[in-house]
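First to last, the sequence lines map onto chains A and B. Each residue of the first sequence is one higher than the one before, starting from 4 at the first, in the numbering used here. Each residue of the second sequence is one higher than the one before, starting from -9 at the first, in the numbering used here.
Please note: incorrect hints may appear among the correct ones.
With a straight-line cut-off of 20 Å between C-alpha atoms, the simulated SDA-like cross-links for lysine to any residue are [stated by the list, open to error]: (1) B:Lys32 with A:Gly44; (2) B:Lys32 with A:Pro112; (3) B:Lys32 with A:Glu59; (4) B:Lys32 with A:Gly34; (5) B:Lys32 with A:Thr26; (6) B:Lys32 with A:Thr47; (7) B:Lys47 with A:Asp98; (8) B:Lys32 with A:Leu81; (9) B:Lys32 with A:Gln109; (10) B:Lys32 with A:Leu49; (11) B:Lys32 with A:Met83; (12) B:Lys32 with A:Leu57; (13) B:Lys32 with A:Tyr75; (14) B:Lys47 with A:Tyr75; (15) B:Lys32 with A:Val16; (16) B:Lys32 with A:Ser6; (17) B:Lys32 with A:Ala87; (18) B:Lys47 with A:Tyr33; (19) B:Lys32 with A:Ala95; (20) B:Lys32 with A:Ser86; (21) A:Lys84 with B:Pro97; (22) B:Lys47 with A:Thr97; (23) B:Lys32 with A:Arg62; (24) B:Lys47 with A:Ser6; (25) B:Lys32 with A:Glu12; (26) B:Lys32 with A:Gly43; (27) B:Lys32 with A:Thr104.
To give an idea of the interface, some chain B residues facing chain A are shown, with a C-beta separation under 10 Å as derived from the structure [what the hints assert, rightly or not]: (28) Lys32; (29) Val37; (30) Ser45; (31) Phe55.
Simulated from the structure, these hints should not be mistaken for laboratory data. Please read all numbers here as calculations on a predicted model, not as lab measurements. Glycine is no exception: its CB is placed at the ideal position from the N, C-alpha and C atoms.
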Amino acid sequence: GQSLEQPSEVTAVEGAIVQINCTYQTSGFYGLSWYQQHDGGAPTFLSYNGLDGLEETGRFSSFLSRSDSYGYLLLQELQMKDSASYFCAVRAYTDKLIFGTGTRLQVFP
Amino acid sequence: EPEVTQTPSHQVTQMGQEVILRCVPISNHLYFYWYRQILGQKVEFLVSFYNNEISEKSEIFDDQFSVERPDGSNFTLKIRSTKLEDSAMYFCASKEGDLYNEQFFGPGTRLTVL
């Protein structure tokens, strides 16, 4: 089977740093993406890791370890608007995205 | 900034009826997808489409489902005979090319089957 596991919920305060982990088990693997989804909204692309290591995009960074089938999304200088659900998604060899269970992030003032 | 658009935003239908969900992908994109998300659950892949044919479909995408690109701009998902369990948010997505990793998602169509 194919599975991507994430914590169901994370809470933090404004200005803090939070890490959302993702472990995956899929039959094919090309890379790991992260998407943000606000309530009632569409998934919005945040980052992609095709190789091991850290990718940084502004306040957001993403990390991948292919040997550990593990990745994480790091959000720094948290803002209220970062409150949303975050999904990791494996890009399989066939190009489809296989989404994780999602992590609901709540940022408090 | 170019974006994927979807219509309608909300569709209510009776069980057994046919529905067509419409999408206009970003104009220079070549790869198209449909995903669905049942309320409170994860996003699930339905089908991918490239060069006017289906590239891959999931187990969910049975004979009741079909996709079409009727012209150069629209991409549609048809459900022939809707079931209660088809109630979900349906997202269309597109991607520019094979070397790109970002799939751009539309705002979704919320389908409610009564």
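Any hints this thing doesn't respect? Which numbers, in order?
2, 3, 8, 11, 12, 14, 15, 23 and 31
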